[in-house]
Amino acid sequence: MLYPENTRQLEAIIQKARETKTPLVAVSSRGPHLHGASENPNAETVDFSRMNRIIKIDRRSRYVRVEPGVTFDMLIPEVRAAGMRLNIPFLPRAGKSVVASALEREAVLIPKYQYDYTDPLLTVEAVFGTGDAFRTGSAAGPGTPEETRADMVVPWGPGCIDYLRFFSGAQGTMGFVTWATLKTEVLPALTKLYFVQAESAEKLTRLASILLKRRIPDECVILSRADFAGAFAMSAEEEEKLLKALAPWTMICRVSGFDRYPEERVSIYEGYLKDECAQAGLEAVTELGGLPGLAEKVESMIADCDRRETYWKMRRGGVRQIDMLAPPSRAPRLIEILENLRCPGDIGITVQPQVQGRAFRIECSVYFSGAPEEAGQVDKALEDAARELYEAGAYFDRPYGSLSKLAYAADPVSTEAMRKLKKIFDPDNILNPGKLCF
Amino acid sequence: MANLADFKYTMESCNHCGQCKWILPARMKGWDFASVCPLHEFHGFDAYSGQGLIQIAKERLDGKLEYGDGLETLLYACPACGACDINCKSVRDMEVLDTIYALREDCVEAGYLPEPLRRTAANVEETHNIYGKPHSERFAWLPPDFRDDPEADTALFVGCSAYRYPDIALAAIRILRAGGVKFKLLREDEWCCGAPLWRTGQREAAEKLIRRNVDTFRRHGIHTVITACAECFGSFRGGYPRYADTEGLEFKHITQVAAELLSGGKLRLRKGDEPLRVTYHDPCMLGRLSEKYVPWDGEIRPYGLHVPEKVWRRGEHGVYEEPREILRALEGVELCEMTRNLEEALCCGAAARDVDPEFAVWTAAERRREAKAAGAQAIVSCCPFCRDALGSDGENALPYLDLTVLLAERLKEEA
Amino acid sequence: MALSAQAYRELAAIVGERYISSKQHILAGNRVRTPEIPFDYHSADAILLPGSTEEVAAIVKVCNKYGICFVPFISGTLPDAYANRAGTVLIHLKRMNRILEINEEDRYAVVEPGVRHVQLYPEVRKRGLSYTAASVGPGGSVLANFTSTSGDHHTQYGSSRANRYLLAVEMVTPEGEIIRTGSLQGGCGWFCPDGPGPSLRSIIKGYFGSHGQLGIITKAAVALDACKGPAEIRTEGVSPHHRVYFDSDLSRVYVFNYDNIQNVCQAMLALGEAEVCSTVQKYFYLPLTLLMSDSANDFWKKWTSGYKEAMSMPLVVHIAAQSVREREYEEKILFDVVRETGGKRLPEELENWWTEHMDYFMVVSRLQSVLRLGGGWMPIKLGAESVQHICDVGESIGEYIYEFTETGKIFDAPENYQIIPMEYGHFAHIELLFMWDRTNPAAMKGVGEFRARSREEDLRRHFHAEDVGCLNPTLLQLGPLYSNCHIWMQKIKESFDPNNVANPML
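In order, the protein sequences belong to chains A, B and C.
Throughout the first sequence, residue numbering follows our numbering, covering 537 to 974 in sequence.
Throughout the second sequence, residue numbering follows our numbering, covering 10 to 424 in sequence.
Throughout the third sequence, residue numbering follows our numbering, covering 245 to 750 in sequence.
The hints are simulated quantities; they were obtained by calculation from the structure and are not laboratory data.
In this text, all values refer to a predicted model and were calculated from it rather than measured experimentally.
Keep in mind that the hints are not guaranteed to be accurate.
[What the hints assert, rightly or not] Once the Cα atoms are required to be at most 25 Å apart in a straight line, the calculated DMTMM-like pairs of lysine to aspartate or glutamate come out as:
id : chain 1 : residue 1 : chain 2 : residue 2
1  : A       : K956      : C       : E639
2  : C       : K267      : B       : E135
3  : B       : K319      : C       : E421
4  : C       : K267      : B       : D363
5  : B       : K38       : C       : E421
6  : B       : K73       : C       : E280
7  : C       : K735      : A       : E872
8  : B       : K301      : C       : D538
9  : B       : K38       : C       : E280
10 : A       : K810      : C       : E519
11 : B       : K301      : C       : D542
12 : A       : K941      : C       : D538
13 : C       : K576      : A       : E806
14 : C       : K267      : B       : E418
15 : B       : K381      : C       : E367
16 : C       : K305      : A       : E952
17 : A       : K728      : C       : E476
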């Protein structure tokens, strides 16, 4: 294990690795690691836990800049203290690296703030597989970060290349990021949480698409009964109660008011929400049965990471996941395939609207005991399902493990173009070799 | 040398914004019918556009381009419809169309006027009409008992198209009579208006003919000239002041007169036999190119200041409303508008016919397609050349109705 | 290498004789100097009009075979759309002009390069959708705007720059292969630009597009927003006095004048935090007066009779609400913020100009009237950063521009910059637009001096006021200051374009 403490050290590590042809793989989160991106046999692990500075929190221009070792449990309260909020995934692991989460394009909870799939990631500093440091977007220059007066927040460029997109979704195969700038948003002065329940996910995905087209809700996520219960229950008994009380699908959404006339904004936007629900034959309610104080608990939990000792997805012992992107027209069919998955364990599905409602990240988690035989069966079931999902239009934009075969199969010419880029940025193929299409 | 150099400012001002090719955003309706330059739409290369032509003009001015390899065909394939000019002028102080005219004069001077246009010019010279028909037959369609008003100071100028479409001239007469307008015909003194000369760069011949015509009007004591031909009308207003002093002469189109008569209650109309949904095609020379030309001979100072101030012809004051008023007055006629209407009207392509017949046929078919897309059962206009183009058989065939004839047929009585 | 007869024949066999030409009068349409460029363009050897991706790919392969350079273009508005050396063909993409799909449920449109803003915008608006069309006029290519050039629009405050909305594309590489990005690469349709894994989208457009230097985009999907505002637009009048109205209680325009850019900054940030208004923009007074003028002469009358002063630092705001109650709520906040920041509302007769020209917020064609003073114009800076930073950049202009305006080297409009916030004030774009007397042959010297000085001042202050552009000489100058990006861009260029035929500028 190597523990760089700053960019210079990382540059030296990579240069040395080039000389010795030593593969490197990056890790910046505390465990458990669910996707296998940071596992690579024969590779030396570069652990970024000592690069854990919160470099800057800027309230005026609404951004933070952090090193990769900064985790959600560290950052969320600091940002809140500055009167802001991060656009975080749904109940992320406390020990998850904020930078890694953004680089992995993890689905975020407030789709109206997400203008494209890399949002809220703005700029990064990274070291390529050549050992050269680079800064993306307006962080590129002019001059060094110490010299520039810029806030280094614009994601595009420099020039005609979007360098940020070499690192986004790359599983550390193009370069290792040493800090990242992320958007933050003002903390609402007033919020109101709503639940919308339905028998089918399709009713909620259609509703979510419409709501987000109109930019009505802030947080907006759709959970299957299993994932809702698993996420918000503090014990197996609570989980059981929730499973009995809940409809098959629940959308959680929140409307907000800011510093100026917050009640008025909440009133206007909840009016829109209720109108759209009524048109869809659904109802938005502020309370859910099942557990006392559930609404308050949900409201406080969705603004934070999962601080439980055991990450909620690991509550049974083991979990396997498959996630995909889909446009609104295709999401219902994919969810249906997942609902009908046959394998050991319980299936939970989280459908996170993305990019202002123009897509959904559908994440299916199979919760099982963790026993190796069961793991094998679950893996097989998911692999089979992947083919069926792919043919139904699922887009595996983050192709972990064997999914990369499917993801890159359709277009070998474009895949080869990607490999050309890899050759430029990691000519010795030392960064997480064997992953994706590399 | 033709006065190409007078337009150097225009030639050097083009920033390639593309305004000359596309409908103004204030009028956009969708993917279809968004192009205003049929020449560019058909041929594709930028040379085939207002922008291209002024750049060709610049290279001619700089001595970098020669005729003989198809340039003259391009130059006269352009129907000089003025869409590029008007659209450019919506945002710039440039004279795109006048540069094209000057380029044509340059082409004529270089000896490259295309043969079909030479023949037309010869016809005008020899027989005073574009068809080469005997001048004595210019008014052969007139009923033998027709009497005009010899003391009138208003003339009805029938135009060369009366040889082909005497119904238009007869309809104009009916309307004027019904409205109690005193007028006379110039008969053998009426010669071609000169449009095919000045619009094709034949400056010398145009000047001679136009001055002759102005003298004729004055000699006959004419103060007002009415015509039912859009081309003649546009020439009188947009061409004649370039070559002659037209002070004291007023030029009107029959639709302007008719609209005035209608609003004054002087024309009584009967209902039509069948309801009809029509669209109105704005002829270039009646619409955007019919504003009066005001000569300007000044200086362009830094940052575009024109000294003295120039009167710009931007197409705003063309004859758009009066034809529509007439159509709205006809019971049973429902007017629907094409996307490209008013000053954005797509040219019918007639003026390109002699030099680029394939393009001309395509343009007319395209315009008919637009008329059909607007839901029209017939296309109405008031230009005999638009009638030639739009009324022809071919793709997207649609009945063509001349507005003057349509109105005359609806008159209840004559005075 | 000049175009040989054999190469010409092979190219003609691809597109057909009708769609290729090397005649001088045809080439003349694409080589005459434009007012803002101090040199004559090279002439292309031929111009081609392909009709499909396959034809484009075949053309590119022939170019590689014979070492012929190619420049793809559509409207030809930018200097990068011309030959810059001998032995170049222009590939004019206007025939590829289909709107392939408008997907209302998934909110995207797929277009070919020849589709113009004036075509796509009304089609999506009919369907209750919208996108930010760069302010380049009606003939601007949607695809070029989103993928290959730059282009910002007044309404970016409540949305963002085109970069955010570019989805999957199909592209012909400089070697003639056809690649696809994002979900299209994954065989999953057009909706996502990213992945699988890291994205080929990275080489499609950075801050700017590459103007064809890394390939020719032949199809692109663009994301669509909901259209806030009436579906029906009322247009009256005839050019040049068109009036375009939104007849709706949900739409209002307000314009306030300021005397201090930092107050404008504060207003922008406050409105952004409240997430109110659809357009918020610090516009510039010279184009604004030109927009309101009928001619250069009319401009001069207005400019010297008080327009310059009345609109010296205008903040243009458009509220496009979903209900009257929302509009009233947003108005309340707007007036509070303006009062707090010292803005003064323009007199009604000036403010009404916008109410009568709502095309300003859709597809602007009138913007070409900025060229009305002869065509000598240049937008510089053009970078984007945080709102505060960009306002600081704007504020600094006054420290060096007067040397140029007061000596007549450039037009006397020292405050002539616009700032457009994006994403409710997360960042902003700046454009400093200056004009010069292009009829004065000596003026280009002053232009060059001012450009250089502007850049020098920004670098001296460590401002990020401009980006490095595409693979052109500016890149070599600035690249070393921008993380040596010039080295990486050149490596990418060499990898994808080993024969250096794709619009080479270096």
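Verification of the hints:
| no. | hint | result |
| --- | --- | --- |
| 1 | K956/A <-> E639/C | violated, 44 Å |
| 2 | K267/C <-> E135/B | violated, 37 Å |
| 3 | K319/B <-> E421/C | violated, 55 Å |
| 4 | K267/C <-> D363/B | holds, 22 Å |
| 5 | K38/B <-> E421/C | violated, 36 Å |
| 6 | K73/B <-> E280/C | holds, 21 Å |
| 7 | K735/C <-> E872/A | violated, 46 Å |
| 8 | K301/B <-> D538/C | holds, 18 Å |
| 9 | K38/B <-> E280/C | violated, 32 Å |
| 10 | K810/A <-> E519/C | holds, 21 Å |
| 11 | K301/B <-> D542/C | holds, 20 Å |
| 12 | K941/A <-> D538/C | violated, 62 Å |
| 13 | K576/C <-> E806/A | holds, 19 Å |
| 14 | K267/C <-> E418/B | violated, 52 Å |
| 15 | K381/B <-> E367/C | holds, 19 Å |
| 16 | K305/C <-> E952/A | holds, 18 Å |
| 17 | K728/A <-> E476/C | violated, 35 Å |
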